[in-house]
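Next come the chains, spelled out residue by residue.
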Amino acid sequence: MEHVIETFSLTKVFSDWWGRSKVCAVDNLNLKIHKNEVFGLLGPNGSGKTTTIKLLLGLLHPTKGRSLIFGGDSTEPKVNSRIGFLPEESYLYRYLNARETLDFYGRLFDLPVEVRRMRIEALLDMVGLKAVANRAVGTYSKGMARRIGLAAALINDPELLILDEPTTGLDPIGTRQIKDLILALARRGKTILLCSHLLADVEDVCDRIAILYSGKIVTEGMVKELLQQTDKRQITTGLVSDAVIDKIRQLLDSSKTEYSIATPIDRLETFFIRIVSAAQQKVHTPSGAVSTTKLGDFLVGQPEGEIKAGIIEQLASKEAEKKSVEQPASTGTVNKPAEVPLPVDHDVLKGLVKPREPAKPVAVKKQTDEPAEEVRQINKNILDELTGSPEAKKNKEDKADKQQGG
Amino acid sequence: MRSIMAVAVNTIRQILRLKIAVIFIVLLAVLLPVMGLTMTGDGTIKGRLQTFISYGLSLASLLLCLLTIIISVYTVTSDISGRQIYTVVTKPVRRYQILVGKFLGIIILDFVLLIIFTGAIYAITIMTPKIAGVSDEEKTLLKNEFFTARQGLKPEPVDVSKDVQQTFQSLVQKGQIKPEQLQDEQSRRQIIDDITRSKELASRSAAPGQILNWQFKNIKIKSTDPNTVLFIRFKYEVSVKPADMMVNSLWEIGDDRDIKLGQVPKTKIYQLSRRDRIQAFHEIAIPADAVPADGYLAIGFINPPQLNDTVVIFPPDGLEVLYKADSFSANFARSVLLLFLQLIFLCCLGICTASFLSMPTALLCCLIVFATATVSSFIFESFDTLSSGTELFYRFTIKPLLHILPQFDLMNPNEFLVPSKLLSWSALGWIVFIVVCVKSLLLFLLGILLFSFREIAKIIV
Chain E
12 MEHVIETFSL TKVFSDWWGR SKVCAVDNLN LKIHKNEVFG LLGPNGSGKT
62 TTIKLLLGLL HPTKGRSLIF GGDSTEPKVN SRIGFLPEES YLYRYLNARE
112 TLDFYGRLFD LPVEVRRMRI EALLDMVGLK AVANRAVGTY SKGMARRIGL
162 AAALINDPEL LILDEPTTGL DPIGTRQIKD LILALARRGK TILLCSHLLA
212 DVEDVCDRIA ILYSGKIVTE GMVKELLQQT DKRQITTGLV SDAVIDKIRQ
262 LLDSSKTEYS IATPIDRLET FFIRIVSAAQ QKVHTPSGAV STTKLGDFLV
312 GQPEGEIKAG IIEQLASKEA EKKSVEQPAS TGTVNKPAEV PLPVDHDVLK
362 GLVKPREPAK PVAVKKQTDE PAEEVRQINK NILDELTGSP EAKKNKEDKA
412 DKQQGG
Chain A
18 MRSIMAVAVN TIRQILRLKI AVIFIVLLAV LLPVMGLTMT GDGTIKGRLQ
68 TFISYGLSLA SLLLCLLTII ISVYTVTSDI SGRQIYTVVT KPVRRYQILV
118 GKFLGIIILD FVLLIIFTGA IYAITIMTPK IAGVSDEEKT LLKNEFFTAR
168 QGLKPEPVDV SKDVQQTFQS LVQKGQIKPE QLQDEQSRRQ IIDDITRSKE
218 LASRSAAPGQ ILNWQFKNIK IKSTDPNTVL FIRFKYEVSV KPADMMVNSL
268 WEIGDDRDIK LGQVPKTKIY QLSRRDRIQA FHEIAIPADA VPADGYLAIG
318 FINPPQLNDT VVIFPPDGLE VLYKADSFSA NFARSVLLLF LQLIFLCCLG
368 ICTASFLSMP TALLCCLIVF ATATVSSFIF ESFDTLSSGT ELFYRFTIKP
418 LLHILPQFDL MNPNEFLVPS KLLSWSALGW IVFIVVCVKS LLLFLLGILL
468 FSFREIAKII V
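The listed protein sequences correspond, in order, to chains E and A.
Each residue of the first sequence is one higher than the one before, starting from 12 at the first, in the numbering used here.
Each residue of the second sequence is one higher than the one before, starting from 18 at the first, in the numbering used here.
One chain only, chain E, in its complex shape:
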């Protein structure tokens, strides 16, 4: 399989002024990221995620080992012209406005003027900064700065996108948009390295993850495999009568298994987007970024300069089809039939741009009803393992059981 990023015993030791080793930020890292993969690099603060990215991009020199991107050195123009990079904070030239910022980076990629102009407009449209595009980016809020940083990282339509904490400072709509963008790019065959400690974001979009701790990979694998609870089953239904519930209870009682039945509660993200959309329909004078669901045409493989409506809907429905085929086989969850999708927040997202059109039913979310709880649990397990707490042993055994079961 073709590797987009490869590292061989990549090690970075920070020394003090006298050359004495102080911190081993990255320790013998062997990472392989395949083409067209959304790879998540996770870890607590100070685990070496950002250092790894800096090593990959040549911003730091490795103490030992080496890294290859597209089989070459990332400082070579041939290689880095194919990379898009969003650093942990959007480091912007605060005296430039949004349009000039994108134009500057476009020029660095030696893009012809027409292409540059079209992409700048598409990206400004996508990140919702068109209305404030002539304001110096130094005056932007953190979220707006993040958006323009993301747009700058996409100006060259990169084959590899390296995102360091992309959702920091973004509102839930912006966060969702980045996640949709990642999925859309992945569908176009792009490779994405996502570095984050916001686990919910990673879980939603990543195919594979590695968890770093103290510069070492402690766990690596497919997200689905790592998170699967093979000893449990989940059934989600529409509103059914108490009689039906009683019958199910009887059935479950007879199988002598522990179970719980409850009404699912809305995710806060969905709730938030609904409230904001309602507010936006009343007030049409935003002072900063406008949340949109648009993705730049050139990013989703459309001919540049031709703005097509409903791109996200098309992408989303394809995604929903893909997921609905994959999920029963892999997780064993009993799903609702695909033709009656769950009322997901994309209806509302769409409403933010076109509030008067009737919402089409689309589904992009993976149907995991309590992901936050599970991820929290996993995270706790790992931390316990690393810190050697009394629970660690038990958790390790549980995990071993799960892996055997999977």
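Don't read these hints as lab results, they were simulated from the structure.
All values derive from a computational prediction rather than experimental measurement.
Beta carbons: idealized from backbone N, C-alpha and C, even for Gly.
Be careful, since some hints might not be right.
Simulated restraints, written as ranges between beta carbons of each label pair [unchecked claim]:
| no. | chain 1 | residue 1 | chain 2 | residue 2 | range |
| --- | --- | --- | --- | --- | --- |
| 1 | E | Ser26 | A | Asp210 | 50 to 56 Å |
| 2 | E | Glu100 | A | Ser375 | 55 to 61 Å |
| 3 | A | Ser375 | E | Gly149 | 46 to 52 Å |
| 4 | E | Ser26 | A | Pro50 | 32 to 38 Å |
As a list, the in silico DSS-like pairs of lysine-lysine whose alpha-carbon atoms are at most 27 Å apart [said to hold, decoys possible]:
| no. | chain 1 | residue 1 | chain 2 | residue 2 |
| --- | --- | --- | --- | --- |
| 5 | A | Lys237 | A | Lys438 |
| 6 | E | Lys153 | A | Lys36 |
| 7 | E | Lys227 | A | Lys475 |
| 8 | A | Lys239 | A | Lys63 |
| 9 | E | Lys33 | A | Lys475 |
| 10 | E | Lys89 | A | Lys475 |
Residues from chain A that keep clear of chain E, each with C-beta distances beyond 12 Å, as calculated [as the list claims (entries may be wrong)]:
| no. | residue |
| --- | --- |
| 11 | Tyr72 |
| 12 | Asp96 |
| 13 | Ile236 |
| 14 | Lys258 |
| 15 | Asp261 |
| 16 | Glu300 |
| 17 | Trp442 |
| 18 | Glu472 |
Got chain E sorted already, so can you dock chain A onto it with the hints?
Frame of chain E, contents of chain A only:
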């Protein structure tokens, strides 16, 4: 090339929008016209113009030099400390291209500012006589002595080595030098140096009643205008300062070769007596017909014993013959180029230091180098004198380092424009070669080397 220009344009935007340059521009824009209106110099129109051009160019030069140092250091260090550089070096741009872009941006801005401000100085200088309404006589004087570019010829240094040897031998014979001093190389050299210094001083000094002679060859006056004049520019030092600080003198200027042969001279010989203040430059204007076709000129200075009672000494650069060789405008343009060369050097220096140092450290380094370069002649002299005991060490350590510095005091446009001295293309070309092609380029390459191999993301505390 496009990426280099992108960085250059971005640098210009940075400097203009962050208003770093604004304070300098406002200061110059306000001060230059004020200076033009208020400066009077010594009361004459020539003095007024000389004072204005001298202060105006010094101010413009100082402010532009400081501006160049600040912006060249700031534009590199702010990108590194603000980490915008992360998003630039990860693009298909070589690191040297980033520095070249920064350099171009600064130099383009410098060039524009230099043209604007020196253009203003030039315009005010040209307009002042018209506004002041000077007489025809003053106009002719200005044309000959200020609005011109005069070739300067200095007398060749007198060879005193034979004289020194003779004196040394006679001292040895007389037994005034002890045998142990003769054996010790250092003492021997010290004695010879002392004799050389005193002989050189004697060759430039005239006690009351004594005469000093200088001969010049190759004076090529191109002008056929019968009113053309040549100038003898001189300065006196004295052994004992007179109460009124004035010295009397008699001068004989012309071709004296025929007189020596007892014949009547073919060209005119001018004789004049003067009374001049000591320690200041003065000029004697002599009609150009004193010089024969072969360009020979002799100057005789007599220290009249009945009028003076002090030894008159001409300092090493204390006598010069000047004659018109080019126009004021062309000379002004070349002098402005000298300033531009200083800015190029400072820009390279700023970028070089900023490529590996933090902003305050780099700024300090640049300011020290700038200050040292501005008084380089003094520094060279001081080190030459102080290091007499440790010559070997000095020659191989400090001296090469000092030679890396450009000598800004020798590149001062006022050295040419105030005395209306010609700065020839060949002299300018040589300075371009030394300052730009050697010193600036070396610094810039060093900066590129350091910047290319440094860890950009490594925090320098």
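For each hint, the structure was consulted:
| no. | hint | in the structure |
| --- | --- | --- |
| 1 | Ser26/E x Asp210/A: 50 to 56 Å | holds, 52 Å |
| 2 | Glu100/E x Ser375/A: 55 to 61 Å | violated, 20 Å |
| 3 | Ser375/A x Gly149/E: 46 to 52 Å | violated, 22 Å |
| 4 | Ser26/E x Pro50/A: 32 to 38 Å | violated, 57 Å |
| 5 | Lys237/A x Lys438/A | holds, 15 Å |
| 6 | Lys153/E x Lys36/A | holds, 24 Å |
| 7 | Lys227/E x Lys475/A | holds, 21 Å |
| 8 | Lys239/A x Lys63/A | holds, 24 Å |
| 9 | Lys33/E x Lys475/A | holds, 14 Å |
| 10 | Lys89/E x Lys475/A | holds, 25 Å |
| 11 | Tyr72 | holds, 34 Å |
| 12 | Asp96 | violated, 8 Å |
| 13 | Ile236 | holds, 57 Å |
| 14 | Lys258 | holds, 58 Å |
| 15 | Asp261 | holds, 62 Å |
| 16 | Glu300 | holds, 52 Å |
| 17 | Trp442 | holds, 38 Å |
| 18 | Glu472 | violated, 5 Å |
Comparing the model with each numbered hint stated earlier shows that hints 2, 3, 4, 12, 18 do not hold.
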